[in-house]
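K.L.:
So you can see what is in the structure, the chains are spelled out below.
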Amino acid sequence: MNNIIKRYIPQILAILFVVLIFGFLTLNAQTNMDNRGIDFGFGFLSQESSFDVQFSLIEYSGSDSYARAFLVGLLNTLLVSFISIIICTILGVIIGVARLSSNYLIKNSAAWYVEFFRNIPLLLQIFFWYYAALRALPMPEKADAWFGVTYMTVKGYYIPAMVWENLNVFLYCGLAAIIAIIVLRNYANKLRDTQGKQIPVLLYSVGLLIVLPLLSFLFGGVSLEFEIPELKKLSKISYIYEGGISLPPELIALVLALSLYTSTFVAECVRAGIEGVSKGQKEAAASVGLTPNQVLKLVIMPQALRIIIPPTTNQYLNLTKNSSLAAAIAYPDLVLVFAGTALMQTGKAIEIVSITMLTYLTISLTIAAVMNWYNKKIEIKEK
Amino acid sequence: MIQTINFLKPNRDNIKNYSIIGACLVLFSLIDVISNAFLKINLTSFLPGSLTSLFPLIIGLIGLNMMRIDYSGNKKLDLLNKNINTNNFNALLTLLILFSIIKAIPQSLSWMILDATISGDSKDACTGTGACWTYIKVWFRRFMYGMYPNEFHWRINTAFILVIALGFVGYFMKENLKKYLALYYVIIYPVIAYLVIYYLISGGSFGLQWVETGAWGGLSLTFIVSFFCLIFCFPLGMIFALGRRSNLPAIKYISICYIEFWRGVPLITVLFMSSVMFPMFLPEDFFMDKLVRVIIAITLFEAAYCAEVIRGGLQSLPRGQYDAAKSLGMGYWKMHIFVILPQALKLVIPGIANTFLALVKDTPLIFVVGLAELAGMLALAKTNPKWLGFAMEGYIFASIVFWIICYAMSKYSYNLEAKYKTER
Chain L
482 MNNIIKRYIP
492 QILAILFVVL
502 IFGFLTLNAQ
512 TNMDNRGIDF
522 GFGFLSQESS
532 FDVQFSLIEY
542 SGSDSYARAF
552 LVGLLNTLLV
562 SFISIIICTI
572 LGVIIGVARL
582 SSNYLIKNSA
592 AWYVEFFRNI
602 PLLLQIFFWY
612 YAALRALPMP
622 EKADAWFGVT
632 YMTVKGYYIP
642 AMVWENLNVF
652 LYCGLAAIIA
662 IIVLRNYANK
672 LRDTQGKQIP
682 VLLYSVGLLI
692 VLPLLSFLFG
702 GVSLEFEIPE
712 LKKLSKISYI
722 YEGGISLPPE
732 LIALVLALSL
742 YTSTFVAECV
752 RAGIEGVSKG
762 QKEAAASVGL
772 TPNQVLKLVI
782 MPQALRIIIP
792 PTTNQYLNLT
802 KNSSLAAAIA
812 YPDLVLVFAG
822 TALMQTGKAI
832 EIVSITMLTY
842 LTISLTIAAV
852 MNWYNKKIEI
862 KEK
Chain X
22 MIQTINFLKP
32 NRDNIKNYSI
42 IGACLVLFSL
52 IDVISNAFLK
62 INLTSFLPGS
72 LTSLFPLIIG
82 LIGLNMMRID
92 YSGNKKLDLL
102 NKNINTNNFN
112 ALLTLLILFS
122 IIKAIPQSLS
132 WMILDATISG
142 DSKDACTGTG
152 ACWTYIKVWF
162 RRFMYGMYPN
172 EFHWRINTAF
182 ILVIALGFVG
192 YFMKENLKKY
202 LALYYVIIYP
212 VIAYLVIYYL
222 ISGGSFGLQW
232 VETGAWGGLS
242 LTFIVSFFCL
252 IFCFPLGMIF
262 ALGRRSNLPA
272 IKYISICYIE
282 FWRGVPLITV
292 LFMSSVMFPM
302 FLPEDFFMDK
312 LVRVIIAITL
322 FEAAYCAEVI
332 RGGLQSLPRG
342 QYDAAKSLGM
352 GYWKMHIFVI
362 LPQALKLVIP
372 GIANTFLALV
382 KDTPLIFVVG
392 LAELAGMLAL
402 AKTNPKWLGF
412 AMEGYIFASI
422 VFWIICYAMS
432 KYSYNLEAKY
442 KTER
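Residue numbers (the numbering used here), protein chains in the order written: chain L, 482 to 864; chain X, 22 to 445.
No lab work stands behind these hints, which were simulated from the structure alone. A virtual CB, placed ideally from N, CA and C, is assigned to each residue, including glycine. There could be a bad hint or two in this list.
[Stated by the list, open to error] Dumping the calculated DSSO-like pairs for lysine-lysine here, alpha-carbon to alpha-carbon at most 27 Å: (1) K367(X) <-> K432(X); (2) K124(X) <-> K588(L); (3) K588(L) <-> K96(X); (4) K103(X) <-> K623(L); (5) K407(X) <-> K636(L); (6) K273(X) <-> K588(L); (7) K763(L) <-> K678(L); (8) K778(L) <-> K763(L); (9) K61(X) <-> K623(L); (10) K355(X) <-> K487(L); (11) K588(L) <-> K103(X); (12) K195(X) <-> K96(X); (13) K623(L) <-> K403(X); (14) K273(X) <-> K158(X); (15) K588(L) <-> K778(L); (16) K273(X) <-> K487(L); (17) K763(L) <-> K588(L); (18) K760(L) <-> K440(X); (19) K347(X) <-> K588(L); (20) K403(X) <-> K636(L); (21) K273(X) <-> K857(L); (22) K347(X) <-> K487(L); (23) K403(X) <-> K158(X); (24) K37(X) <-> K61(X); (25) K760(L) <-> K636(L); (26) K195(X) <-> K440(X); (27) K713(L) <-> K623(L); (28) K713(L) <-> K636(L); (29) K144(X) <-> K403(X); (30) K61(X) <-> K760(L); (31) K588(L) <-> K355(X); (32) K367(X) <-> K355(X); (33) K671(L) <-> K778(L); (34) K588(L) <-> K857(L); (35) K103(X) <-> K763(L); (36) K623(L) <-> K760(L); (37) K273(X) <-> K367(X).
[Claimed, not checked] Restraint ranges, calculated between C-beta atoms of paired labels, are given here: (38) E529(L) <-> E305(X): 28 to 34 Å; (39) D91(X) <-> G677(L): 35 to 41 Å; (40) L497(L) <-> F227(X): 38 to 44 Å.
Use the sequences and the hints to build the structure in full.
P.N.:
Following this line, the structure appears as structure tokens:
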């Protein structure tokens, strides 16, 4: 009896406490909304939004619904996160490896890079790039071409656009190549396990990836043209580039700040991972006659990756969440478009803030779940 | 034949010649780059176009290649080779780093110091091509104290000195009072600190004029916000960490939901929630100051991270500690207060320091809900019509300030980590 009381009383109290808090808050919200004449509901999502978004990946205008505005914001958030994740991974791996270099100068430069970018608040870095560094770029008419066809100006970065014909054929060919590679790998593994034969899988894979899409150009009727941005005079002193894709300065500032900041954390993860593989493993692998390449591919990397990947995914998650700082420099991401402009227009604070939070929560929990599954999979199975 | 090979490759006989020739070549390449960067003299202008810029690199590489002699017998040369010159790729990277440092020095030096202005007290003083530190000088008090009235700045200073001094009381406590240390830091200290900050900075009584929180700002606001969030989020995080490890399902799942919820959303949406959504949830006619709402929001947010850090400490304790405490007949609370928490908390001090570092780096975010701490004051100063066009100086100044604070904190937490690692 005593045990039952000890077990259930605290739980009941805890549940009661949570229910009371939520009840109290709901009650207040109800009265407040009644007083102000606001009604609760998600009907506004299908209403006309009547505001414009400067940069969007999908077709969007003021006559579209709030739900579409939400989608525009979400896609912009995902776009900036995706680009930043790629750049920060490349930078992070280079810096992480450089920190382990035997070269004194390289090692210390990498260490200072990490200390420098890690210890400045991200918001300040975004502001620095957006308000200070990118504002110092030349006007469109004075800009020099980078790589011949791209223009970095104060109004954004102009790059050539690709104009495809029969894009779907090309994509199918790419897909076919990937499937062929998977089949090939399985076959090679089987061959290695049963007959001990080795096939240069990597070489074949690269070949397949190049040849199949190339065939689609020759026989599938696929063609690719580049639309190069050209300078156009708007008025006496105002110029603009037309054609091609223009990346707004907000996007560039955000990508720069996010990827430089996060790359320091990724670099630390990479360093810890490589340091985490004991020297004996390398020596043992070498002593059974593996070549240096095989040592790296079959012994070091699988073990290092096991240490590197979980914390690195965490950093990617942080990056995605940090991309919400875009609102501070008016890049139209989820927070700015939805929790900013849409909230201002509809006044539906509770609905909009909860949708925004739930979206981020879904992204986080999904990635966390995938990560847990992956961790379970790569766990060292001890017998 | 052997003679030719000897000529191309260093051996024991011609080490000296090789190293001297190599050193001369490297030295020449460095001199070329330095004279190019500092004196704007191009020593190799007789060479055609692109070769001029590549010339020092090629010369330097040849020089380093000639100097690379294994076990030369010269200790200094060996040390140099081992550290920066192990192979051609390393030598190339070494030269590139050296050259870029040399090329960057004169530009940044002249912008930041030589051509910079600091005299005068208006924009007109800045006529040079360098930085305008006058801007920082004039706005310095605003950056530190926000819109807080100038004549009352001593109140903020006094309050900070008092709070810091009170924080160090623990070090000087008498031996027989040490057992109350935890009680002091967890309960008494936050209350005293709150009272000090409320009565000194807010004022309103004891003959001090009332200053509303809207006027608070600058770096001092960063400190106030992060200080309160830290002292409040720690006990809250402890509760949720214990809750997550509890074997009562209701408590466990409530804690898990809490922690995962706050860890899954970005701070900026939490701040939006506190500023636009939270007032709707308060009773009518109940007004809560914006700063208080923001502090509550950040505290709830950071408590989740704190809880995870503390949980890590709890998990790393060996099971024997729990079993031993239980076998002595201790209950849940007795076991945790006297056996588990003292050990676990000592383990998580470095982790907590890291959380606090993240918290300090996050505080500039309160700018998005309209509280003017350092980043907010910069945005305000930048748009002041009298001081347009000095965004660069402002952000560099703020970056330096934050960098010093965060770097010192990360070094300190690193030291703590090293200190506590050896003890177990």
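K.L.:
Hinted pair, alpha-carbon criterion (27 Å max): K588(L), K96(X). Please report holds or violated.
P.N.:
Cα-Cα ~22 Å, so holds.
K.L.:
Please verify whether K623(L) and K760(L) have alpha carbons no more than 27 Å apart.
P.N.:
This hinted pair is violated, its Cα atoms lying about 55 Å apart.
K.L.:
Are the Cα positions of K37(X) and K61(X) separated by 27 Å at most?
P.N.:
It is violated: about 34 Å lies between the C-alpha atoms, which goes past 27 Å.
K.L.:
Measure nothing beyond the straight line between the CA atoms of K588(L) and K103(X); if it is 27 Å or shorter, mark the hint as holding.
P.N.:
At roughly 13 Å apart (the allowed maximum being 27 Å), K103(X) and K588(L) satisfy the hint.
K.L.:
Using the beta carbons of D91(X) and G677(L), state whether their distance is inside 35 to 41 Å or not.
P.N.:
Given about 40 Å between the Cβ atoms, the range holds.
K.L.:
Between K144(X) and K403(X), is the straight-line Cα distance small enough, at 27 Å or below?
P.N.:
With Cα atoms ~12 Å apart, K144(X) and K403(X) stay inside 27 Å; holds.
K.L.:
Below or equal to 27 Å on CA atoms is what counts here, so check K588(L) against K778(L).
P.N.:
Satisfied, since the Cα-Cα distance of roughly 24 Å is no more than 27 Å.
K.L.:
When you take the CB atoms of L497(L) and F227(X), is the distance between them in 38 to 44 Å?
P.N.:
42 Å, holds
K.L.:
What's the verdict on K355(X) and K487(L), does the C-alpha distance respect the 27 Å limit or exceed it?
P.N.:
Status holds; Cα separation ~15 Å.
K.L.:
Measure nothing beyond the straight line between the CA atoms of K763(L) and K588(L); if it is 27 Å or shorter, mark the hint as holding.
P.N.:
Holds, because 22 Å separates the two Cα atoms, which is no more than 27 Å.
K.L.:
For the pair we were handed, K273(X) and K588(L), check the Cα-Cα distance against 27 Å.
P.N.:
Between K273(X) and K588(L) the Cα gap is close to 45 Å, so the pair fails against 27 Å, i.e. violated.
K.L.:
Keeping to a limit of 27 Å between CA atoms, is the pair of K347(X) and K588(L) held or broken?
P.N.:
With a Cα-Cα distance of about 50 Å, the restraint between K347(X) and K588(L) is violated, given a limit of 27 Å.
The structure is inconsistent with the numbered hints 4, 6, 12, 14, 19, 24, 25, 30, 31, 34 and 36, although it conforms to all the rest.
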